Amino acid sequence: MDYAKDVLVNTDWVEQNLNTDGIRLIEVDEDILLYDTGHAPGAVKVDWQQDFWHPVERDFIGPDEVSALLGKLGIRETDTIVLYGDKSNWWASYAYWFLSYSGVKNPLKLMNGGRQKWIAEGRPTTTDAPTVTATTYPALRRDDSLRAYRDEVKAHLQSVSAGSGALVDVRSPDEFSGKVTHMPTYPQEGVLRGGHIPGARSIPWAKATNEDGTFKSADELSALYGGEGVTADKDVIAYCRIAERSSHTWFVLRELLGYPKVRNYDGSWTEWGNAVGMPIEKTYTED
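The numbering of the sequence shown is this note's numbering, which starts it at 1054 and goes up by one.
Honestly, I wouldn't trust all of these hints.
[Said to hold, decoys possible] Within a straight-line C-alpha distance of at most 27 angstroms, the following computed BS3-like cross-link-like pairs (lysine-lysine) qualify:
(1) Lys1170 with Lys1058
(2) Lys1207 with Lys1125
(3) Lys1170 with Lys1207
(4) Lys1058 with Lys1158
(5) Lys1098 with Lys1125
(6) Lys1335 with Lys1207
(7) Lys1158 with Lys1207
(8) Lys1207 with Lys1058
(9) Lys1287 with Lys1335
(10) Lys1158 with Lys1335
(11) Lys1207 with Lys1098
(12) Lys1314 with Lys1058
(13) Lys1314 with Lys1260
(14) Lys1335 with Lys1170
(15) Lys1269 with Lys1287
(16) Lys1335 with Lys1058
(17) Lys1269 with Lys1335
(18) Lys1335 with Lys1232
(19) Lys1260 with Lys1170
(20) Lys1232 with Lys1260
(21) Lys1260 with Lys1287
(22) Lys1269 with Lys1170
(23) Lys1158 with Lys1098
(24) Lys1207 with Lys1269
(25) Lys1314 with Lys1287
(26) Lys1269 with Lys1058
Treat the hints as calculated values from the structure; they're not laboratory data. Remember, it's a predicted structure, so these values are computed and weren't measured experimentally.
Make the full structure from the sequences, and use the hints.
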């Protein structure tokens, strides 16, 4: 079984195309300081907080601002955009989802294995930021079919109960059970209540990856999600805490496995676990 879409490139391919016109590399890391310590030659940097998030509201910048960002980065509408980053491409997947949601029609790819594989293989790096020529990127229109809002998720619980929908909680088992309210070392993203959305299946994001950060085979991925009842015939919503891990799972389900209807709930647990009137299941009990 092959991947459903041609959305991955390997590190060999990237190194061979470092100087190819029309191939543009974008590094998106959780640790925004990593880029300055060395990055693939020609790669430009995106800061996911400063560049993607609205400066006042808890929301994203609009399509016009995304066009301006791509223009500032020197991206043309005909370029192939290759995204990569740290943590097995957590934030590169987030950028992939966000650009897709924003309506970007460029061919989008992820470098399989991300930054960790590139560095581990001793491939070329530089601390020099590339010189880019700004472009006028065309207007964009959001694809709202890729994003789920809180009230849509609440309504989706009926589909989950009926068997026509699925919810995927990609957080750690302890977060899912309610034992903890945040990931280790991320206390600033905790919430008032722990647990999970009723009916959600616990499939931690990292189960989709190999030790070197690459994605598992299509057969392995199909068995992983299908074994939990998350199948292509269902309307699927993925969530985590602020949508970075669930973007990774969204990418696996929609792009690698070809599921036709997959949405990312970017409000995720930091919204749901603090919201009034939202149902929560908790399976952890004190001994």
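Problem set entry | Holds or violated: lysine 1335 to lysine 1170, with C-alpha atoms at most 27 angstroms apart | Given pair lysine 1335, lysine 1170 is violated - Cα atoms ~37 angstroms apart, limit 27 angstroms.
Exercise. Holds or violated: are the alpha carbons of lysine 1058 and lysine 1158 at most 27 angstroms from each other?
Worked result: This hinted pair holds, its Cα atoms lying about 15 angstroms apart.
Exercise. Between lysine 1335 and lysine 1058, is the straight-line Cα distance small enough, at 27 angstroms or below?
Worked result: The hint is violated at about 37 angstroms.
For this session: Quickly compare the C-alpha distance for lysine 1314 and lysine 1058 to 27 angstroms and report which way the hint goes.
Result: Roughly 15 angstroms between the alpha carbons, so the hint for lysine 1314 and lysine 1058 holds.
Exercise. Do the alpha carbons of lysine 1207 and lysine 1125 lie within 27 angstroms of each other, as the hint requires?
Worked result: 38 angstroms, violated
Exercise. For the pair supplied as a hint, lysine 1269 and lysine 1058, is the alpha-carbon distance within the 27 angstroms limit?
Worked result: Status holds; Cα separation ~15 angstroms.
Exercise. Under the criterion that the straight-line Cα-Cα distance not exceed 27 angstroms, is the pair lysine 1170, lysine 1058 satisfied?
Worked result: 22 angstroms, holds
Exercise. Are the Cα positions of lysine 1269 and lysine 1335 separated by 27 angstroms at most?
Worked result: 30 angstroms, violated
Exercise. Does the structure keep lysine 1314 and lysine 1287 at a Cα separation of 27 angstroms or less?
Worked result: 7 angstroms, holds
Exercise. Taking only the CA atoms, is the gap from lysine 1158 to lysine 1098 under or equal to 27 angstroms?
Worked result: 20 angstroms, holds
Exercise. Is lysine 1335 close enough to lysine 1207, meaning Cα to Cα at most 27 angstroms?
Worked result: 17 angstroms, holds
Exercise. Does lysine 1260 lie within 27 angstroms of lysine 1314 when you go C-alpha to C-alpha?
Worked result: Distance ~21 angstroms between lysine 1314 and lysine 1260 Cα, so the pair holds.
Hint compliance for this structure: hints 2, 3, 7, 8, 10, 11, 14, 16, 17 and 24 are not met, and every other hint is.
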